[in-house]
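For the protein sequence lines, the chains are H and Z, in the order given. FYI, the numbering for the first sequence is 1 to 104, going by the working numbering. FYI, the numbering for the second sequence is 1 to 171, going by the working numbering.
Please keep in mind that the hints were generated in silico from the structure rather than gathered at the bench. Heads up, the beta-carbon is just placed ideally off N, CA and C, and yes, glycines get one too. Among the hints, erroneous ones may be present.
Stated by the list, open to error - Label pairs and their calculated CB-CB ranges:
| id | chain 1 | residue 1 | chain 2 | residue 2 | range |
| --- | --- | --- | --- | --- | --- |
| 1 | H | Gly10 | Z | Phe54 | 34 to 44 Å |
| 2 | H | Trp94 | Z | Leu73 | 33 to 43 Å |
| 3 | H | Leu21 | Z | Ser133 | 50 to 60 Å |
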Amino acid sequence: MRILIYVFLGLGMFFGLLGNLGVLRFPDIYTRLQASSKCGITSLLSILIASMLIKGITPMSGRILVITLFFLITSPVASHIIGKRAWEEGLIPWRRKKPGKKEN
Amino acid sequence: MINVFLKWKIVRVILTSLYLVVGWILFTGNLAPFSIFLGFTFSFSVALFTYNIFIEEREVARRALLPRAYLLLIYLGVLIFKIYLASFKMVLTIITGDINPRVVHFRTGLRSEVARVILANSITLTPGTLTLSLDQDHLIVHWLNAKTTHSHYAGKLIKGSFEFWLKKIWI
């Protein structure tokens, strides 16, 4: 049990760190949003699962379960709203150049 | 013969207060009779004010109100497993930096609005896809490792098995 808790907490730290690295590395808003939303969700989810495992079967862990469900609903909606705003403003997504093509 | 609108109004109020009572019991965490009585009265009075926002009138006839709960639980488990797989793929793409982003458009066959919202959320959670816009049944998706730009084929690849299961849950 204790090993499982450590594994989940470690996963949370790992994903949080690499998500931030992805935000720094990627070229434009849409790809950065992808990195931050995906890794952020996974890191927080693992930390919540670890805290549920620590508490065992008690009313407290039921409350944490409810928080997790709300988080699973709200977090994708937040990143969707940012993406939608950028799309409606007309920001053009970054595209990879074809290897054989000359520039301009 | 009661008025049809009145009948559905009563159903909506009762369903809203039931959802609220479940929330009350989870958050107070005790089953004393006085606490439950208090929960019922307050849920009923709140439901009288808010049923119109919580359950819209045109959503009422379909099976949108009471999904099949056991299938929903299975769906949730599969979704969490897929989120973990997606994150590991994301970490690999972050390290290698090999991306080919495109924007694709496609349609969905789901009827209920709750099911559509859940489909859009699941697409945002799975590997390398981000929902940019959801208008009726038309989805615009940003895809990090695009294999194709053909609308129908891309829809099949991205939606995967989600749409099949959601159709079973909400009909």
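query = Hints broken by the structure, by number, lowest first?
reply = Number 3 only.
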